[in-house]
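Undergrad: I would like the entire structure built from these sequences, with the hints used as guidance.
For the sequence shown, this note's numbering assigns the number 1 to the initial residue and increments by one for each residue that follows.
Take these hints with a grain of salt, some might be off.
[Said to hold, decoys possible] Cut-off 25 Å, straight-line C-alpha distance, at most; resulting in silico cross-link-like pairs (DMTMM-like, lysine to aspartate or glutamate):
(1) K100 <-> D80
(2) K235 <-> E106
(3) K100 <-> E84
(4) K100 <-> E174
(5) K235 <-> E173
(6) K100 <-> E12
(7) K100 <-> D50
(8) K235 <-> D10
(9) K133 <-> D10
(10) K235 <-> D80
(11) K100 <-> D10
(12) K19 <-> E84
(13) K235 <-> E174
(14) K100 <-> D83
(15) K235 <-> E12
(16) K19 <-> E106
(17) K100 <-> E20
[Unchecked claim] Okay, the calculated beta carbon distance ranges per label pair:
(18) V85 <-> F37: 51 to 59 Å
(19) Y242 <-> V30: 33 to 41 Å
(20) P89 <-> F162: 32 to 40 Å
(21) R45 <-> I142: 41 to 49 Å
(22) L194 <-> G219: 29 to 37 Å
(23) P132 <-> G219: 22 to 30 Å
(24) L54 <-> R138: 18 to 26 Å
Source of the hints: derived by calculation from the structure; they are not laboratory data.
The structure displayed is predicted, hence computed values, not measured ones.
Quick reminder that beta carbons are idealized off the backbone N, C-alpha and C, glycines included.
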Amino acid sequence: MSAKDGYTFDQEFATVLAKESWALFAVGAVTFVLRVFTKLWFLKRFNADDYISLLAFGLYTGLVVTLNFIAQSGGSNLYDPGDEVYFTPQVIQDRIYNSKIVVVSEQFMLCTIYALKGSVIFFYLRLTQGLPKQKIIRYVAISILLAFIGTQICFFTACQPFQGYWAIPPPSEECTTLRIYGIVQGVFNIPMDLFMLCATVPVIYRLQVPLKQKILIGGLFSLGIVVLLMAVLAKAYNNSNYYSSGYMLWYIREASTATYVANLPHIWPLIRHVFPCLRGTTRANYTTSNQYGAGRRTGAVTTIKSQARGDDDQILLSKIDIEAMGSDKILTTVEVRQDDEKISPVEETGQGMVQKGYV
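TA: See below:
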């Protein structure tokens with residue numbers, strides 16, 4: 001709604017934003033609380049990725065609060081060109097102040113997305129500890145860090161002078177629409193999501209377990225597809241509606257989806273505990289012609305260490321199976337077959353990981 005109609009901002013949109021954003025936030029808060037509960041109750045520990053998720057949730061909360069504040073307080077310097085002639089001095093002052101909050105909200109959005117990526121990457125690094133595959137994850141992690149730095153450089157240099165971000169009228173279109181910044185952010189963000197998917201999906205695909213288990217594990221570790229899709233949709237909308245406040249809704253949707261996806265794999269033990277039908281023994285069978293050496297402990301996981309390069313996939317798959325399927329104090333075994341020979345599986349109990357004979 002234009003200022004010439006007597007309004008400084010579309011109050012109907014502000015109401016819609018409040019309802020949708022707080023509803024999505026509530027779901028995100030539940031997934032985060034359940035993650036913390038699961039880690040403390042079932043695993044009795046916090047890992048690096050959990051601490052990063054705590055930071056990400058704080059940033060996510062800040063994003064929801066600031067976007068709603070902007071909408072409820074009269075908008076920013078994002079308006080149709082020429083509408084400033086209808087603004088009263090008070091409206092201009094309010095919009096200048098709110099535009100400064102927009103800068104903060106943009107940082108909340110960017111940092112939320114990349115903090116969640118960092119949480120997932122640290123989880124992957126833990127899964128691949130001691131394996132050559134970790135090198136790929138490290139490359140992805142470095143790429144994500146460089147992408148974050150590059151996006152920040154673009155944000156702080158695209159609008160000149162920087163104070164133009166809250167000037168009315170703005171010195172350039174970029175200072176109000178963030179068009180160039182949005183394109184750069186998408187160019188860096190979307191490929192990073194794709195790289196993270198490519199680092200895990202092929203391994204899950206090769207997992208030799210019953211179809212039900214493969215679907216469950218694959219679904220948990222492939223939820224990044226949803227984040228990727230949401231990021232693409234958000235950029236497609238924002239790049240076709242530069243002067244629309246609808247970007248706020250898409251920011252909330254993208255950040256909320258990323259929050260769900262980052263937390264859901266970590267509450268799987270709790271889900272199995274609540275739904276007994278998902279419990280039971282999970283056997284992952286791998287076939288190879290190479291000779292196995294003795295088992296060893298890697299972090300909190302006992303694995304069957306192979307002398308052959310090709311068996312690293314088997315170690316990683318057993319780790320994924322234990323991390324995602326067996327942290328609920330319920331028997332979980334990983335069976336490794338060499339021809340017809342059965343190697344000792346792994347069992348997880350409430351006291352830790354033990355290696356026992358398979359019967």
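Undergrad: Now, for every hint given, state plainly whether the structure supports it.
TA: Against the structure, the hints come out as follows:
Simply put, K100 and D80 have alpha-carbon atoms about 19 Å apart, close enough for the 25 Å limit, and the pair holds. At roughly 14 Å between alpha-carbon atoms, K235 and E106 fall within 25 Å of each other, so this suggested pair holds. Taking the CA atoms of K100 and E84, the gap is about 17 Å. The hint holds against a cut of 25 Å. Proposed proximity of K100 and E174 is supported: the alpha carbons are some 15 Å apart, at most 25 Å.
At roughly 18 Å between alpha-carbon atoms, K235 and E173 fall within 25 Å of each other, so this suggested pair holds. Distance hint between K100 and E12 is fulfilled; the C-alpha atoms sit about 23 Å from each other, no more than 25 Å. With a C-alpha separation of about 31 Å, the suggested pairing of K100 with D50 is violated against the 25 Å cut-off. For the hint linking K235 to D10, the alpha-carbon distance of about 22 Å falls within 25 Å, and the restraint holds.
In summary, the hint linking K133 to D10 is not supported, as the alpha carbons are separated by about 51 Å, beyond the 25 Å threshold. Restraint check: the Cα-Cα separation between K235 and D80 comes to about 20 Å, which is no more than 25 Å; the hinted pair holds. Among the hinted pairs, K100 with D10 is consistent with the structure: their alpha-carbon atoms are about 19 Å apart, no more than 25 Å. Proposed proximity of K19 and E84 is contradicted: the alpha carbons are some 29 Å apart, above 25 Å.
Proposed proximity of K235 and E174 is supported: the alpha carbons are some 16 Å apart, at most 25 Å. Restraint check for K100 and D83: the C-alpha separation of about 19 Å stays at or below 25 Å, so the hint holds. Only pairs whose Cα atoms come within 25 Å are accepted, and K235 paired with E12 is accepted, the gap being roughly 23 Å. At most 25 Å may separate the alpha-carbon atoms for a hinted pair to count; K19 and E106 meet this at roughly 21 Å.
The straight-line distance between the Cα atoms of K100 and E20 is roughly 24 Å, inside the 25 Å bound, and the hint therefore holds. Our hint of 51 to 59 Å for V85 and F37 holds, since their Cβ atoms are close to 55 Å apart. Range check, Y242 to V30: Cβ separation about 34 Å, and the 33 to 41 Å hint holds. Evaluation of the 32 to 40 Å hint for P89 and F162 yields a failure: the beta carbon distance comes to about 24 Å.
Between R45 and I142 the beta carbon distance is about 27 Å. The supplied range of 41 to 49 Å is therefore violated. Range check, L194 to G219: about 18 Å between beta-carbon atoms, so the 29 to 37 Å window is missed. Taken as a hint, the range 22 to 30 Å holds for the pair P132 and G219, whose Cβ atoms sit roughly 26 Å apart. Look at L54 against R138: about 23 Å separates their beta carbons, and that is inside 18 to 26 Å.
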